[in-house]
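**Q** Read top to bottom, the protein sequences are chains A, B, C and D.
Counting in the working numbering, the first sequence runs from 1234 upward without gaps.
Counting in the working numbering, the second sequence runs from 1234 upward without gaps.
Counting in the working numbering, the third sequence runs from 1234 upward without gaps.
Counting in the working numbering, the fourth sequence runs from 1234 upward without gaps.
Where hints are given, some of them may not hold.
Identical copies go unnamed one by one, so any copy, or any two together, can satisfy a pair.
[Claimed, not checked] With a straight-line Cα cutoff of 25 Å, these simulated BS3-like cross-link-like pairs (lysine-lysine) come out: (1) Lys-1338 x Lys-1365; (2) Lys-1365 x Lys-1388; (3) Lys-1477 x Lys-1235; (4) Lys-1387 x Lys-1260; (5) Lys-1388 x Lys-1368; (6) Lys-1338 x Lys-1388; (7) Lys-1388 x Lys-1260; (8) Lys-1260 x Lys-1477; (9) Lys-1338 x Lys-1368.
Treat the hints as calculated values from the structure; they're not laboratory data.
Protein chains: 4
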Amino acid sequence: MKSEICTSDADTIRVRGLDLTTEILGKLDIGQMAFLEIWGRVPTPQEDIVFNSLVVALVEHGLVPSVLAARLTFLGAPDSFQAAVASGLCGLGSVFVGSIEGSAKILQEGIQRIDQGLSIDAYVTEIVGSFKADKRAIPGLGHPIHKEADPRTKKLLAIAAENGFSGRHVELLHALVREAERVNARHLPINVSGAIGAIASELGLDWRVSRGIGLIARTIGLVAHLLEELRNPMARELWLRTEKEAQAGDHS
Amino acid sequence: MKSEICTSDADTIRVRGLDLTTEILGKLDIGQMAFLEIWGRVPTPQEDIVFNSLVVALVEHGLVPSVLAARLTFLGAPDSFQAAVASGLCGLGSVFVGSIEGSAKILQEGIQRIDQGLSIDAYVTEIVGSFKADKRAIPGLGHPIHKEADPRTKKLLAIAAENGFSGRHVELLHALVREAERVNARHLPINVSGAIGAIASELGLDWRVSRGIGLIARTIGLVAHLLEELRNPMARELWLRTEKEAQAGDHS
Amino acid sequence: MKSEICTSDADTIRVRGLDLTTEILGKLDIGQMAFLEIWGRVPTPQEDIVFNSLVVALVEHGLVPSVLAARLTFLGAPDSFQAAVASGLCGLGSVFVGSIEGSAKILQEGIQRIDQGLSIDAYVTEIVGSFKADKRAIPGLGHPIHKEADPRTKKLLAIAAENGFSGRHVELLHALVREAERVNARHLPINVSGAIGAIASELGLDWRVSRGIGLIARTIGLVAHLLEELRNPMARELWLRTEKEAQAGDHS
Amino acid sequence: MKSEICTSDADTIRVRGLDLTTEILGKLDIGQMAFLEIWGRVPTPQEDIVFNSLVVALVEHGLVPSVLAARLTFLGAPDSFQAAVASGLCGLGSVFVGSIEGSAKILQEGIQRIDQGLSIDAYVTEIVGSFKADKRAIPGLGHPIHKEADPRTKKLLAIAAENGFSGRHVELLHALVREAERVNARHLPINVSGAIGAIASELGLDWRVSRGIGLIARTIGLVAHLLEELRNPMARELWLRTEKEAQAGDHS
């Protein structure tokens, strides 16, 4: 059993080879530290900008189900702040933030197969056909609210392009959209998960941990929502109203 | 029911009044976004440096119990990445990162009572006496490994001082240490949770959500450890060895 | 490192010394198995009835916050059923089911101190005074909905009495209620957590794990609610309505 | 929004139409209550025996990863007992207990397609071929420790048969094993998840919540392990040893 991330003794903590006290604290900010921790090295200025934009994009999206779950958990367990945040994170599965993973998987596996000789066209035809056969939405495409275009998508792709991270994964994503729109005969905007999945792939992040970008971001958001819940609570009202409505008519 | 954090419609997402696409993405980094989200406004340059240092300090501290829990969870549920991170966060309770909360509570309640007329001496005497009577460790003081001095503590307090955040909460923490060392007749270093509790209080963060700094930081760390677990796993070995050892002699 | 609960090899699994295949399966039911697992021995018929009644009482109490949290989590992560249940359990803290622990703690520590010579009167006076000074509710007393009397309490105490488990902890609970009602000059019904805390103490369950009775029960309830959520969902409606209401007026 | 499970007012709690105080407490045991809660009706005596056996079989299997995760979480958060249990449940994903779901899905979808005219042979050929192509293990078959035969499997299938629940799903499971052994040319024992998936399907449990049987069972097991952790801890030792070993050689 061996970990390469950190070494510590009574006097020193080193993270990825850098001394936490003398080389990291006050020198690296959160984004650079996260990059160092995950990628194993300090980011270039361009990577820094792009990685920060991915996390920032996902910090907040209103009273989404994971936020409500965390607030309801905090109502029952105000003594376990960490459990309220954990409860919210548990819901970042396949439907919401977890779709980053699905998007990154399709793109990374696609590049691998294209490198082995498959054409882009053949790959996107296969993917779109396979999801259609299973009657499943392609991760990264479409959004329940932002039907026209997710406002964050265009901006993130622009930031990535300006910094040199609009390469083969982004190109493949666009090819995938074109094929999906053709087959389904309707507009399918790239959603924020799709853009993040593609850009994270450009940054070289393994798709199997790409959901982590959303987890880091949403942990920040959950802390803010729990602070608001303390000051201006809504969970109790949400509970009592729901219970009243859902049981109405059963008391007869 | 009302939330002041975010508003969104089909075209726009505003966080704390700023437009995510035109005013946040590419303009604010993760630390500034987190500050905006939690405090409700963009930080000053000094607040920015200090807040970043608090989170950065807690990202990584080796194979701590929460990291091992997350790795073991990932072994059983590789399809639920978010659940592995949540599992790790669940353990950030009173013993480890949660102690930030205990420290911030003592300091914030202390300043409140001192403002009402109590002397600093009277307050620290009361706190140290009360914890001693309950045979409990004072949150923020002492460390199982860093017995002399936590290397991060001094640096964090220096960064805070350089940026104008070494005020009354930090002063109270030092008074508390002096009294605790006097009563217990031994050296009690301020640990990283103590320093963070004090500095977070200087930044005006409500102690009831101060544990959130640790949660944000450790989510970053957990993502990195789960990536390492994918590439160079240890959880299976940890499980099989433990099972073998703990059952030895019971098979007779 | 040593565990006394289970031993297994390629052919046999023994739990608390009994062979799972030949001595447990088909011979012990869930309640007896849980008692064996936790207490280390098969229950007497009386213990069996009383333990079962404690768990059964807590399985279901409507659309409580933990149920809503689990349903909302399931909406985002339908692929992580276990994470939805875990999310619901996270909220069983100090306010709801966790109050069993608070009640059992007061009673078990009380019996210990009474055994050391303190009078019952002195102990309940101390406890009621201490909670009043801290402006905290005494765990196990009072209920937000069942203001007169929790319908489950009387029945549980009767089942315990019929089976010989209405001893010193139950007696102490009644003394505590009398003192609390005297000091607060109002009716304070024993709630279901209070009754369960007392009866679990009669059964010899360490207060530090007494919350476990609620966790076992609510896991059953959460599974049922998630099945209903699959067939007749409410989480999406709950989310969309809440988001709409809480953001109203902010779009200007 | 409507729930059919429970109705309550200030005086009465009804679960699935039965009065908790007068018709459930002291009359139904945990297994019958769980069946009532999940299936919506009291079980027959045969269903009662079979359902109990499924849960009992999964309560305990030694120091599995989920148990270690819960113990490690409890070390950091002894104040959040529920979070330690939740942390353990988070790991019951696709690899361990979650495989019940995979098994039940294959069997329930199979019966549906066979009802639509497909032959059993064609279905099992398709399934085995599909998993082989994906290089994935078929859920419910094979076991890392019990290579010959899982001792619990045979017993559970016998209990099911004796009580009239060895019908088409069990038959299909056996056909699946035969085909998998033929194609892979090696012995593949039905593991406990496979047997439970089949028998739960016989009981009419929707595969999408079948993992719930394991969650109910393991919650019981986790409570017992956390009690043992309080009395005879191992998590601290596990942490310190792992940290020491994994960092060895990095300090140079």
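**Q** All the hints need checking, so say for each whether the structure fits it.
**A** Verification of the hints:
1. Lys-1338 x Lys-1365: both (17 Å within a copy, 21 Å between copies)
2. Lys-1365 x Lys-1388: Answer is neither; intra-copy 29 Å and inter-copy 43 Å both fail.
3. Lys-1477 x Lys-1235: Classified as between; 10 Å across copies, 54 Å inside a copy.
4. Lys-1387 x Lys-1260: between (32 Å within a copy, 15 Å between copies)
5. Lys-1388 x Lys-1368: Neither way: Lys-1388 and Lys-1368 sit 30 Å apart in one copy and 39 Å across, limit 25 Å.
6. Lys-1338 x Lys-1388: within (22 Å within a copy, 41 Å between copies)
7. Lys-1388 x Lys-1260: Between copies, since 11 Å is at most 25 Å while 28 Å is not.
8. Lys-1260 x Lys-1477: For Lys-1260 and Lys-1477, the Cα distance exceeds 25 Å both inside one copy (54 Å) and across copies (29 Å).
9. Lys-1338 x Lys-1368: Answer is both; intra-copy 19 Å and inter-copy 17 Å each pass.
Violated hints, in rising order: 2, 5 and 8; the structure is consistent with all others.
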